[in-house]
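For what it's worth, the working numbering labels the leading residue of the sequence shown as 7, then goes sequentially.
Because the hints were derived from the structure by calculation, they are not lab data.
Don't take each hint at face value.
Once the Cα atoms are required to be at most 20 angstroms apart in a straight line, the calculated SDA-like pairs of lysine to any residue come out as [claimed, not checked]:
| hint | residue 1 | residue 2 |
| --- | --- | --- |
| 1 | K38 | S17 |
| 2 | K46 | R60 |
| 3 | K33 | D56 |
| 4 | K38 | S28 |
| 5 | K46 | I19 |
| 6 | K46 | D36 |
| 7 | K33 | K46 |
| 8 | K33 | I54 |
| 9 | K38 | L16 |
| 10 | K46 | L31 |
Here the structure is a predicted model, which is why all the values come from computation and not from measurement.
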Amino acid sequence: MNEEILYIWLSLIDGIGPVLGSELLSKFEDVKSIYEATYKDILEVKGIGDKLAR
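Can you build the whole structure from these sequences, using the hints too?
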């Protein structure tokens with residue numbers, strides 16, 4: 007999937023703003039890695055709870 011599309015996908019997730027987006031990008035190498043991450047991996051990110059990880 008195109009990286010630009012993945013950035014749009016991430017920005018459209020309700021509850022993911024600039025701060026959480028930054029936290030996700032700090033933990034994962036790039037947006038594609040966030041897209042492919044498991045539920046458990048996403049839960050390890052500071053500020054991400056159960057509801058948002060789904």
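Straight-line Cα separation of K33 and D56 no greater than 20 angstroms?
-> Distance ~17 angstroms between K33 and D56 Cα, so the pair holds.
Starting from K38, check that the Cα of S28 is at most 20 angstroms away, please.
-> The given pair, whose Cα atoms are some 14 angstroms apart, holds under the 20 angstroms limit.
Going straight from one Cα to the other, do K46 and D36 come out at no more than 20 angstroms?
-> Holds, because 17 angstroms separates the two Cα atoms, which is no more than 20 angstroms.
Is K38 within 20 angstroms of S17, Cα to Cα?
-> 13 angstroms, holds
Going straight from one Cα to the other, do K46 and R60 come out at no more than 20 angstroms?
-> 10 angstroms, holds
CA of K46 to CA of I19, is that 20 angstroms or under?
-> 18 angstroms, holds
K33 and K46: Cα distance at most 20 angstroms?
-> The hint holds at about 13 angstroms.
Regarding the pair K38 and L16, is the alpha-carbon distance no greater than 20 angstroms?
-> 10 angstroms, holds
Given the proposed pairing of K33 with I54, does the C-alpha separation stay at or below 20 angstroms?
-> 12 angstroms, holds
With a cut-off of 20 angstroms on the C-alpha distance, tell me whether K46 and L31 pass.
-> Judged against 20 angstroms, a Cα distance of about 16 angstroms means the pair holds.
In summary, this structure violates none of the numbered hints.
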